[in-house]
Amino acid sequence: MKKRYNHKRLIAALLSLFLLCSCTAQTEGTDSGRNIFKTHDTSQKKDKIPDIPDTEYYKGNISFDMTLSDGVKNIEMNVSRTDGLLKAEIKSPSELAGISVISDVGGVRLLSHECDLGISEEGGAAFKALFSALELDSEGAEITSDGEGGVLYKRTVGKQDITLCLNSDGIPSRIICSVEGMAREGKIENFKHS
21 MKKRYNHKRL IAALLSLFLL CSCTAQTEGT DSGRNIFKTH DTSQKKDKIP DIPDTEYYKG
81 NISFDMTLSD GVKNIEMNVS RTDGLLKAEI KSPSELAGIS VISDVGGVRL LSHECDLGIS
141 EEGGAAFKAL FSALELDSEG AEITSDGEGG VLYKRTVGKQ DITLCLNSDG IPSRIICSVE
201 GMAREGKIEN FKHS
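To get my numbering, take the position in the sequence shown, counting from 1, and add 20.
Below are the DSSO-like pairs computed for lysine-lysine, each with C-alpha atoms no more than 27 Å apart in a straight line:
1. Lys207 <-> Lys93
2. Lys179 <-> Lys107
3. Lys93 <-> Lys179
4. Lys174 <-> Lys79
5. Lys93 <-> Lys107
6. Lys79 <-> Lys148
7. Lys79 <-> Lys212
8. Lys111 <-> Lys93
9. Lys207 <-> Lys174
10. Lys207 <-> Lys111
11. Lys174 <-> Lys148
12. Lys207 <-> Lys148
13. Lys79 <-> Lys179
14. Lys79 <-> Lys107
15. Lys68 <-> Lys174
16. Lys174 <-> Lys93
17. Lys212 <-> Lys174
18. Lys148 <-> Lys179
19. Lys212 <-> Lys107
20. Lys107 <-> Lys174
21. Lys179 <-> Lys207
22. Lys93 <-> Lys148
23. Lys207 <-> Lys79
24. Lys111 <-> Lys212
25. Lys111 <-> Lys79
26. Lys207 <-> Lys68
27. Lys107 <-> Lys148
28. Lys93 <-> Lys212
29. Lys207 <-> Lys107
30. Lys148 <-> Lys111
Simulated from the structure, these hints should not be mistaken for laboratory data.
A quick note: this is a predicted structure, and the numbers were derived from the prediction, not measured.
Please construct the entire structure, taking both the sequences and the accompanying hints into account.
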């Protein structure tokens, strides 16, 4: 019976993460699916882009807390990237706590206690697209000011526009994934880099 319950939790986690990671999912209460997140005016001239330090967050090992939101629902998680393995361990909602999403050379999968469940290619692609923001540096990205002393790095990954917000110290503070006017936002706190 316990194993069956774990499978139900994994399936619920898979659906929740897919809906939050995939910008193509419609969400009730999100102003007809349009982007409900405040975005900064990015029409500023290139010469007004602040000079921030290059912390090389896109290299090496990192860890941080993130709240991923579609404007209605939130998932809180601890995220780490260690030697090419990306792991997002869910902290809340409580019914999903303890479930991890793992992404490495073997693909994307859900892990809970002794259960290991592969994620569909589409769901895995959405997860990878969201977290690909952590590999963005200034080279090849569209760079604009965030209007608060930091910068925005924007790239297109597949059909999704991925924006990484760096604060004035060059530390990632926010990830925005959007496609066709719909967006998901991840707020980053307690960022550590080694």
